[in-house]
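A.B. asks: Sequence:
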Amino acid sequence: MTLPLIGNRDARRIFLHRHLLSDAPQGPASGNDLLQLIQGLGFVQLDSINTVARAHDLILFSRRQRYRPQALKTLYERDGALFEHWTHDAAVIPMGYYPHWELRRQRDAQMLRQRYKNWHQHDFEGRFQTVLDQIRAQGPVSSSDVGQDEPRSNGGWWDWHPSKTALEYLWRAGALCVVGRDGFQKRYDLTERVIDAALCDPSQAPDEAQTIDWCCNGALDRLGFATPGELAAFWAHISPAEAKAWVQREQAAGRVEQVQIAGADGKVHSSFARPGLASDPAIDMAPTARLRVLSPFDPALRDRKRAERLFGFRYRIEMFVPAPKRVYGYYVFPILQGDSIIARVDMKAHRDRDTLVVRALWPEPGSRWGKGKQAAFEAELARIIRLAGVSQIAFEDGWLR
81 MTLPLIGNRD
91 ARRIFLHRHL
101 LSDAPQGPAS
111 GNDLLQLIQG
121 LGFVQLDSIN
131 TVARAHDLIL
141 FSRRQRYRPQ
151 ALKTLYERDG
161 ALFEHWTHDA
171 AVIPMGYYPH
181 WELRRQRDAQ
191 MLRQRYKNWH
201 QHDFEGRFQT
211 VLDQIRAQGP
221 VSSSDVGQDE
231 PRSNGGWWDW
241 HPSKTALEYL
251 WRAGALCVVG
261 RDGFQKRYDL
271 TERVIDAALC
281 DPSQAPDEAQ
291 TIDWCCNGAL
301 DRLGFATPGE
311 LAAFWAHISP
321 AEAKAWVQRE
331 QAAGRVEQVQ
341 IAGADGKVHS
351 SFARPGLASD
361 PAIDMAPTAR
371 LRVLSPFDPA
381 LRDRKRAERL
391 FGFRYRIEMF
401 VPAPKRVYGY
411 YVFPILQGDS
421 IIARVDMKAH
431 RDRDTLVVRA
441 LWPEPGSRWG
451 KGKQAAFEAE
461 LARIIRLAGV
471 SQIAFEDGWL
481 R
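One gets our numbering by counting positions in the sequence shown from 1 and adding 80 to each.
Since the hints were made in silico from the structure, they are not lab data.
As the structure is a prediction and not an experimental result, all values here were calculated from the model.
Warning: the hint list may mix true and false statements.
As the list claims (entries may be wrong) - The calculated lysine-lysine pairs, modelled on BS3-like cross-linking and capped at a C-alpha distance of 30 Å, are:
id, residue 1, residue 2
1, 324, 347
2, 385, 428
3, 453, 385
4, 428, 405
5, 385, 347
6, 428, 453
7, 324, 385
8, 428, 451
9, 385, 405
10, 153, 405
What the hints assert, rightly or not - Okay, the calculated beta carbon distance ranges per label pair:
id, residue 1, residue 2, range
11, 198, 432, 36 to 44 Å
12, 287, 150, 37 to 45 Å
13, 450, 261, 28 to 36 Å
14, 216, 350, 48 to 56 Å
15, 345, 286, 50 to 58 Å
16, 191, 472, 42 to 50 Å
17, 450, 264, 37 to 45 Å
18, 384, 216, 38 to 46 Å
19, 216, 191, 40 to 48 Å
For glycine and all other residues, C-beta sits at the position ideal for the given N, C-alpha and C.
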C-alpha cells in the first residue's frame, strides 16, 4: 500500500497553521480572546530570561501583536482562567484542562520524592505539614516566606532549602497551586482554596487510559502530524510506549493513518496523522508574508530536531556555552517569514538606555537579505520595542553577518 506523501511546502503550511502562525498577527489579545489563543496552543511555556521580552510574552505577541504582558497576568492571577504546572517545562495552562493533569501529579509525586532526596540531601518531607499549616493560617506564600530558620545558600538555581523543596514538591503533587508570581518568584496557596472542587476532585479525574487518549488527541490536533515520541513529548505526561500503543489502536480503528512527510532536505520521514491530511485546507493557504521574530521557546520550534527536518533550521540555545565558544550568541531569536525561517538575530533591550540594540543578524543559507527584508525587519522591530519597553532601535557596526 502506498502511503500518502505530504510535500515539504505543504507540511510546513499545515504545521504553521496548527501553531497559529499562518495568519497575520492581528486581533484582540486579552480576556477570553487571549484564553482562546492559549487553548489553541495548548499551553504557554514560562521563562524568566528577559533579553527582549520573556518567552511567554513573545510567544503570544508573535501571534497577536496587540498583546501586552498585563493581559496574561490578569487572566492568570485575577480571573483564574489559567493554572501553572509542568509540561516539558513550567507553563500556564487553561483551567479547564486541570483534571487531565491528575495523572501527571500522581507520577510527579512518585518520581520527585526520590529525585529531590538525591538532589538536595535534606529532609524536605519533614517540612510538609509546617508549610501547609503556615499557608492555611497566613495565605499565599513564596519560598522566601517559609523556612526562616533554615540556612540559605548561594550555591545555584537548584540549591533549595528544605521548605522551598517542600513547596515545589507539594505543588507538583497537587496539594498546592501556584497563584501568581512576584517578579518571577512563585506564590503558592492551598489547592482547595484555588481550584473549583469539581475540577480538583481526584475521584472525578480521568483515568490513565482517558488521559492518554486526551493527551494524544490534543497533541495530534495541534501538530497536524507526529511520531509517537512527538505525541508523548507534547504535554510530557505520558511515555513514548503509551503513545505508540495509542497510535496502534487508533490506526486499527481507522482514526489515524501513517503518512510520509518530506523534509527540507528532500528526505522522507514516516509520521501519523488523521485520515485526509493530504487535502488539509491549510495547504492552499499561503502564510502571511509578515516578518516575525520568534521566541527560541516558541511551540513551533521547541522540538529542535523536528524544526531542522521540516524547515532546515538548526538551532541550539547557547546561553550555557562559554562566550568564546558560541557560534551565534547568548540568546538568539529565529525570524519567520512566510513558511520559512529566514534568519536569526542577536539583540537585547537595554532599558537603562531606552534602546533595543541589534548586535548581529545572520540570514539563513539561501535567504537573500535585500531591501525588502530589511524594511520588513525594521517594521517588526518598531512593533517589538513596545513590548520590550524601550523607544529606540540601534544597530551595532557590522551587525549584518
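A.B. asks: Against each hint, give a clear statement of whether it holds in the structure.
C.D. replies: So, going through the hints one by one against the coordinates:
no.	hint	in the structure
1	324 / 347	23 Å, holds
2	385 / 428	26 Å, holds
3	453 / 385	27 Å, holds
4	428 / 405	20 Å, holds
5	385 / 347	14 Å, holds
6	428 / 453	20 Å, holds
7	324 / 385	19 Å, holds
8	428 / 451	23 Å, holds
9	385 / 405	22 Å, holds
10	153 / 405	37 Å, violated
11	198 / 432: 36 to 44 Å	42 Å, holds
12	287 / 150: 37 to 45 Å	39 Å, holds
13	450 / 261: 28 to 36 Å	43 Å, violated
14	216 / 350: 48 to 56 Å	53 Å, holds
15	345 / 286: 50 to 58 Å	40 Å, violated
16	191 / 472: 42 to 50 Å	48 Å, holds
17	450 / 264: 37 to 45 Å	40 Å, holds
18	384 / 216: 38 to 46 Å	43 Å, holds
19	216 / 191: 40 to 48 Å	27 Å, violated
Taken one by one, the earlier hints fail for this structure at numbers 10, 13, 15 and 19, listed in ascending order.
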